[in-house]
Amino acid sequence: MTRVLVVDDEPQLARLLVINLKARKYDVDCAHDGGTALDAVAARCPDAVLLDLGLPDMDGIEVIKRLRVWSQVPVLVVSARHGSEEKIQALDAGADDYITKPFSMDELLARLKAVARRTLTQGSAAADAAVVETEEFTVDLLAKKARRGGESIRLTPTEWRLLEVLIRNRGRLVSQRRLLQEVWGSSCGTQTNYLRVYMAHLRRKLEADPSRPRHLITAPGMGYRFEA
Numbered sequence: 001m002t003r004v005l006v007v008d009d010e011p012q013l014a015r016l017l018v019i020n021l022k023a024r025k026y027d028v029d030c031a032h033d034g035g036t037a038l039d040a041v042a043a044r045c046p047d048a049v050l051l052d053l054g055l056p057d058m059d060g061i062e063v064i065k066r067l068r069v070w071s072q073v074p075v076l077v078v079s080a081r082h083g084s085e086e087k088i089q090a091l092d093a094g095a096d097d098y099i100t101k102p103f104s105m106d107e108l109l110a111r112l113k114a115v116a117r118r119t120l121t122q123g124s125a126a127a128d129a130a131v132v133e134t135e136e137f138t139v140d141l142l143a144k145k146a147r148r149g150g151e152s153i154r155l156t157p158t159e160w161r162l163l164e165v166l167i168r169n170r171g172r173l174v175s176q177r178r179l180l181q182e183v184w185g186s187s188c189g190t191q192t193n194y195l196r197v198y199m200a201h202l203r204r205k206l207e208a209d210p211s212r213p214r215h216l217i218t219a220p221g222m223g224y225r226f227e228a
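Mapping the sequence shown onto the UniProt record's numbering, position 203 (from 1) lands on 203, and the numbers just tick up by one.
Be aware that one or more of the hints could be misleading.
[To be verified] Cross-link-like lysine-lysine pairs, in silico, DSS-like; alpha carbons within 27 angstroms at most:
1) Lys101 / Lys65
2) Lys65 / Lys144
3) Lys101 / Lys25
4) Lys145 / Lys101
5) Lys25 / Lys113
6) Lys101 / Lys113
7) Lys22 / Lys101
8) Lys22 / Lys145
9) Lys205 / Lys144
These are calculated hints, taken from the structure and not from any lab test.
Keep in mind it's a predicted model, so treat the numbers as computed, not measured.
Based on the sequences and whatever the hints tell you, model everything.
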């Protein structure tokens, strides 16, 4: 049974989340402030955390930063903050995904399932991370080889670096800033046009329908995610 920690200081919303998650056979704990949440992660070892940012004792981004010192538990931010900068701050701090209030319960459950899957598969994922197979293409990061439809595909060194960051964070939303810094260096943290150009190149080379990508997914204003 997947264990989820709900962290929200709104009692009605927290209760709604707990009821819906338990109805779908999740094991659920609840915390109403950041300090209690950190203690609960240490004590209960959840498979995922649903985290509000507006907590009474500390900002949710601070909770993420403290968690990431000693835990890689997947964190799905559930917040009323709609600004792109705040979303990027949460992702840069270590959040795995971000959904804004009000939200569809079906969407939240789908995103929760995606981030929780990282915990359930992380043991084997590290060994398999170098080779990725999808219905459209296969990528071997160690051998620097990509094939689609039985034919080799040539990727440039920059395309390889970008693809590698996304694959090694598969299923996880990677912020634009982080991608830029890891691929182009710390001085290029705001040059989002680089990402648009190179993501378009990768989609043309790898996706069956680049206009409707299945694997190289854009989260507008936030970042990109690789889904196998």
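Against the structure, the hints:
| no. | hint | in the structure |
| --- | --- | --- |
| 1 | Lys101 / Lys65 | holds, 22 angstroms |
| 2 | Lys65 / Lys144 | violated, 33 angstroms |
| 3 | Lys101 / Lys25 | holds, 23 angstroms |
| 4 | Lys145 / Lys101 | violated, 42 angstroms |
| 5 | Lys25 / Lys113 | holds, 12 angstroms |
| 6 | Lys101 / Lys113 | holds, 18 angstroms |
| 7 | Lys22 / Lys101 | holds, 21 angstroms |
| 8 | Lys22 / Lys145 | violated, 44 angstroms |
| 9 | Lys205 / Lys144 | holds, 15 angstroms |
Figure legend: structure checked against the earlier numbered hints; hints not met, in rising order: 2, 4 and 8.
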